[in-house]
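Residues per chain, in single letters:
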Amino acid sequence: METILGLDYPTLWYLVVGLLFSGYAILEGFDYGAGAWHLFFKKDLSRRIAINAIGPLWDANQVWLIIGGGALFAGFPVMYATLLSSMYIPFMLFLMLLVLRSSAIKFRSAEEMIWWRKTWDIIYFASNTLISFLLGVVLANVLQGLEIGENYSYKGGMFFSFLNPYAIMVGLTSLSLFMTQGAIFLLLKTEGRLYARLTFLLKKSMIFFLVSFAATSLYTLVFLAGVTDKFREFPVFFVIPVLAFLAVANIPRLVSKKKYVYALIFSSLTMAFLLMLVAFQLYPVLLPSKISPEYSVTIYNAASSQKSLGIMLTIVAIGSPLLAGYFLFLYRTFHGKVKLDDTSY
Amino acid sequence: MFLFRILTRTSGFPERFWFRHAQTHKDPPWFDHHYFQLIYLQKTTKIHAKNWDAGHNLKSHKMETEILARIQFAFTIAFHYIYPPLSIGLGLIMVFMEGMYLKTGNKQYEVLTRFWLKIFAITFGIGVATGIIMEFEFGTNWAVYSRYVGDIFGSALAAEGLFAFGLESAFLGILLFGWNRVSTKVHFISTIGVFLGSMFSAVWIVVANSWQQTPAGYHIVGEGFNARAEVTDFWAMVFNPSSVDRIIHVWQGALLAGAFLVLSVHAYYLLNGRYVEISKKAFKIALGIATIFSLTQLLSGHSSADGVAVNQPAKLAAMEGHYEVSAPADLYLFGWVNNQTQEVTGLKLPGGLSFLVHQDFKEPITGLNAFPKDERPGQVNAVFQFYHIMISIGMFLIALTLYASFLWWRGNLFEKKWLLKIFAFSVLLPQIANQAGWFAAEMGRQPWIVYGHLRTSEGFSQEVSSNQILFSLIMFFIVYTILFLLFLYSVNKKIKQGPYDETKAPNEFLKFV
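Protein chains in written order, with my numbering: chain X, 20 to 364; chain Y, 563 to 1075.
No wet-lab data here; the hints were simulated from the structure.
Watch out, some of these pointers could steer you wrong.
As the list claims (entries may be wrong) - Covered stretches of chain X, going by a simulated chain Y footprint (3 or more residues, C-beta under 8 Å):
#, segment
1, 54 to 63
2, 141 to 149
3, 168 to 176
4, 202 to 209
5, 294 to 306
Said to hold, decoys possible - Among the chain Y residues that face chain X by a calculated CB cut under 10 Å, a handful are:
#, residue
6, 662
7, 664
8, 666
9, 667
10, 688
11, 722
12, 857
13, 1041
To be verified - Residues on chain Y that point at chain X, a partial pick, calculated with CB under 10 Å:
#, residue
14, 640
15, 644
16, 981
17, 1038
In this text the structure is predicted, and so the values were computed from the model without any measurement.
Glycine is no exception: its CB is placed at the ideal position from the N, C-alpha and C atoms.
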């Protein structure tokens, strides 16, 4: 098997996919988070500012989901097919909520009628909240494993079995983390009374996050069998949870000093470290089977051919500087506080 | 009837409830006795069948799942495909308009660009939203297929995301909201970026689909369930026998869709005597594009059909309803295929297809009967009709645009009210042609999902039940219907509002023109 820097191609692609989904979580994290605060703003103008804060950015941020999905399909087709067909209903709901969310952004401010805007506000708020929650549910189910039998056939329930207590806890954690991320992002984009209100809301969301994070961590350690085995095997990697906890602890400190740019960086790092923790915990398994470990989807039985992975690593090597360039340009163009004009939503 | 089927399935009541209801009450006029009796019979026979042959029920269940999965895919992809062609086509028009503005400094072109940008924003938004669903629907509904082609199809999708979609989405923000933040030149570059991004998107998606039609640059590894296609030659996969023809064909179809939307709207303005000055300018830009591409579309269509003749003879035979194993094939202007008697009734040019493929009216063409029944398309008439709808519309568009261009050259284009009236409705034509063309291409490929290798009946997700698909299908149907109405409403509103407020300050605007 060919390697680069001592890592074989499936492992490298595992890192690429992990990186893409971390990027998705970080960037869409503040989009979804900002949306999950939507009904907490009472005035129509505040709501418009909140939508326009992400207005020029959300479409570009969503690219991370599209590339991430494409990368999963390309590199680990077995994982892509098995996960999506097993969790059919949750993913269909997720996709439908994405459609509703983007329609809400597009159509909300198109009309002035109160009932029109109220309806879209509710749809926007609900879709963002549920998406944030569902992402956590999916992550928890991947961590716990699914009832995968022979030939990657799924034997479990359709929907409610995915909503087990652990999944709900992880769902609440992801929701609260996104809300924290969203509130910090909106603080960078707003001024005046909305800014003052957000400082208040941010504190609430940090408490919400810390409580659900602590509960989830505890539950993971106590009830998820074998989560600590990997660390006994490779003690060096204990640095990841330590860094994750430090990043979490640093957010309230920076917020109290009103250093919101750094707070945003550290809440993003929190997401990255937590996902790294999950990735390290799972590796080299992608989707554990609850029925028998031999049926688990791993990066080796799920991976595309060496040739294909090599081609795609080249594509990524060429494409990612381009993508980074576009994003730098976009974010530089739209930095600073939101100013509504005739092109705004 | 379909609605009832959904109702009876989802209401939680067994079909017998509805059946009894029909017996004891006076039936409403829409109530169909025969249908419910049929369901009742099916139900009882199914139970009967279950008792003596457990396998029967499983088989019919699988078939149901396959059909529902196919309906859902067809519905979601057809709905999605309303929007991306408009985005691509409007992209080119906006590049021209903004380019003219930069070149001439004429404010009218800026007004036009800004106006079309508003409509572009809506089509692009819905296109992206419905496109994400497509990306994940391969995994949810076509798991076996995804495992089979992931090695090949996946890299095309990944390249699409990274090279094309990144480009268009990043520049979209600047295009829509950047007027006051960047210079006009940078804005123009963003317009070009979004247009090129959408063109590249089309390339990768069509490459992936073309590989399904004419696989190349791969080998099959493994057997039975674990069989899958792996890349051996990336460039042979990308430039498979049909991809170049089809990319050009799809591009031009998309450019026509956008151009005719612009033609329609401005023809409507001209008929109503609104925005006459700028409408004439926009109409000419769009007419130029429409004339060129409806002509070249004929060439690329011909070249594409030549490719089908070589690579997918069964599809070509289905397109013209040609059954004889080896005989000269006719070319139909229109017709109706009877798959049972293998007869086509309609107006034809004898030996016409042979002439188009081989430049000889007598040369034989392989017919459908040369293939075993389970290796050729079953819905011959549907393929035939979709194909002929596409061709007829294409021919009509050529005649329409050539005549209009002739009048433009003569200088009396805008005096013919009846022509403008046709143009006002012409937006539907390329849309219908695009849809029909895709239906012909995809139904003509059946029963294969990957031509010659994997059957559609083997490709769907085995673990997803028909009830789950019914649930998502109903959900899609409801949300997409609402979305479509919103789309029509908001585009209509933008058109009614117009590029600028004419009543308020007509002179003020004309001053700086």
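Any hints this thing doesn't respect? Which numbers, in order?
Hint check: 1, 2, 4, 5, 6, 7, 8, 9, 12, 14, 15 and 16 fail, others pass.
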